[in-house]
Amino acid sequence: MKRNLLCMTAPVREGFDIPCHEIGPKSAHPAVALVAGLHGDEINGVFILSRLADFLNSVEEGKYPELKLVKRVLIIPAVNVLGVNLRTRTWPFDKTDLNRMFPGNTIGETTERIAYAVLEATKRADYRIDIHTASADFEEVPQVRLHGPSDAERATARMFGLTAVMERSLSPVFTTTMMASWKVWPGESFVLRVGQAGTVQLDHCQRVFRSLVSFLGRVGVLEGVQIAVEDEEVCYFEKSSAFRVYAEKAGTFVSDRQVGRWVRAGQELGYIYDSFSGHVIEKVVSPVPGLLTGIRRHPLLFEGDLILRVNRKS
Amino acid sequence: MSGKILMKTETFFTIDMPYRERMDIRRTLFSGGDGSRVAVVAGLHGDELEGLYVCHRLAAWLEELQKTSPANLLGTVELYPAVNTLGLDTLTRGLPVFDTDLNRAFPGSTGGPLPERLAAALMSALSGAALVVDIHASNIYLREIPQVRINQDFDDLLVPIARRMNLDLIWLHGAATVLETTVAHSLNSRATPCLVVEMGVGMRITPDYCDQLVAGILAVWKDMGVLAPDVALPAITHMPLIADDSNVHYLNAQTSGMFVSSTSHWTDVRRGELLGTIVSPFHGGVLSEVRSPVDGILFTLREYPLVYEGSLMARVMARAGGRS
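Chains as they are written, first to last, in my numbering: chain A, 34 to 347; chain B, 235 to 558.
Hint data in this document are derived by calculation from the structure and do not stem from the laboratory. Please read all numbers here as calculations on a predicted model, not as lab measurements. Misleading hints may appear alongside valid ones.
[Stated by the list, open to error] To give an idea of the interface, some chain A residues facing chain B are shown, with a C-beta separation under 10 Å as derived from the structure:
hint, residue
1, Ile147
2, Thr209
3, Phe309
Beta carbons are placed, not taken as given, at the ideal position from N, Cα and C, and that holds for glycine.
Can you build the whole structure from these sequences, using the hints too?
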């Protein structure tokens, strides 16, 4: 069922709304709340959640007789609706970052009102999942991100079956994010980071779609899911396991490597060329053996830019 | 007394860009005697120009001093007028390419990407100064009267200085963790006093406000011994009111449309007085009337007319003893 979380006016165009899907048996609060598109250019998450809604609606319509949705799921494919349409990360009118406006309020700025409505709809869920990507310049392997997690969240994070679970501390900079506001409430909260902004990366999206269906099965929301035996192990990466390579020289970076592959120490992962002369000025190699969890995709490098990150298995 | 002022403009931070060019950030130094070192920072946001003009006016005053009575500069003045060089040169508030608010990147680090390195370089340059003034110009949406904003964690030290800066308002605000990444917080928490001035509006300069602040900065520098005690300065003509989170009222738009103000900025207003209306370009009626919730002083007024439901249109500071 489609419902509008919030209807608002606009200065000269028609009013707009932020729609969500509510699927499964009626209840006071959803068992699982899934949110994407707080940033309008993070299309992987919008695509994954719209496809998940389509799948769960089909389950409800009886198209998969072996499956049964036994608890309610709330899905907001995009919070920053106008940002998706105009391909901007931020709220297009005043360029504010919707994920810095939480907990929001009902009488404040436009984006605070939107944040408040999203938080109200999601905060009482048992499991809350916020899907992001990296910027358009960088690609992240599909991963679970934990921010100052509880032991329960550490354990549940493995149920997504994604190769990488990464733990971070909850920095003061993130006080006004949706994640920080969620953590005030009982229940568990997760961020999934999937690929890069500005595009749909089909492999990543399919992998995360499967992982969300498995997750709904494992937490007892979707009955009848056949959990595939994972062919890849889940790796839990502490912050100290990350080794980053920064550009020592500016230029043009080119690489044909894919994220999510295991690499050796010293393995060549790309080249930096002088953008004017075309000379190779640096060979970029992995600093350690580990999983290539992120890599630069925009070719033009400023001195100091992050080129890649390899996480070493503990 | 040396009786000379050494003046130089130099690059204090440089980084290679992808195709041949370098991004250089420059400062101008005026060195007199061995007295205190003070600094002015502006242009952290590429759409805020008021501080650039203040730096120009200060430089003009110091160049005149250099010609007429150089012995009156007892310390060192450092001007950092255009920190977000690329943003200023391209009409962009944030740091171009990085899509980053530079004033959320402090204290930075020396080894990371550009915003971090630039923040670290600025921290290193400013640390140990007797006083830093960081000048902001609101944004393109709102016009502000000349004011200092002070985090209550640092008010004991900063309020006495701010009182002498020839401004109209001191706004004490609660500690917000997200503001810990500003240059001012980073400096204040490392024992370098830093005052944040907000005035005017984005993408414009307001020469009267700039001259008002120049007079205040010079007066404070004289108090601190950067300028000689008997140097002639422009008159101090403004005393600040004190606002805090308890007496500032926010007026957010109840509906979307065009906000047209019916009063001027920086005036006394009465409770219930009409401050403006929200209208639609499609028809002739009034969508919403905007009235003052209290007797007070209108210190923030919307400059950019279009509003969304929720957009801030005005801030009024309630007057002590007024009706609210």
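Hints, one by one, checked against the model:
For the restraint placing isoleucine 147 of chain A at the interface with chain B, the shortest Cβ-Cβ distance is roughly 9 Å, inside the 10 Å limit, so the hint holds. For threonine 209 of chain A, the shortest C-beta to C-beta distance to chain B is roughly 5 Å, which falls under 10 Å, so the interface hint holds. For the restraint placing phenylalanine 309 of chain A at the interface with chain B, the shortest Cβ-Cβ distance is roughly 5 Å, inside the 10 Å limit, so the hint holds.
Of the numbered hints stated above, none is contradicted by the structure.
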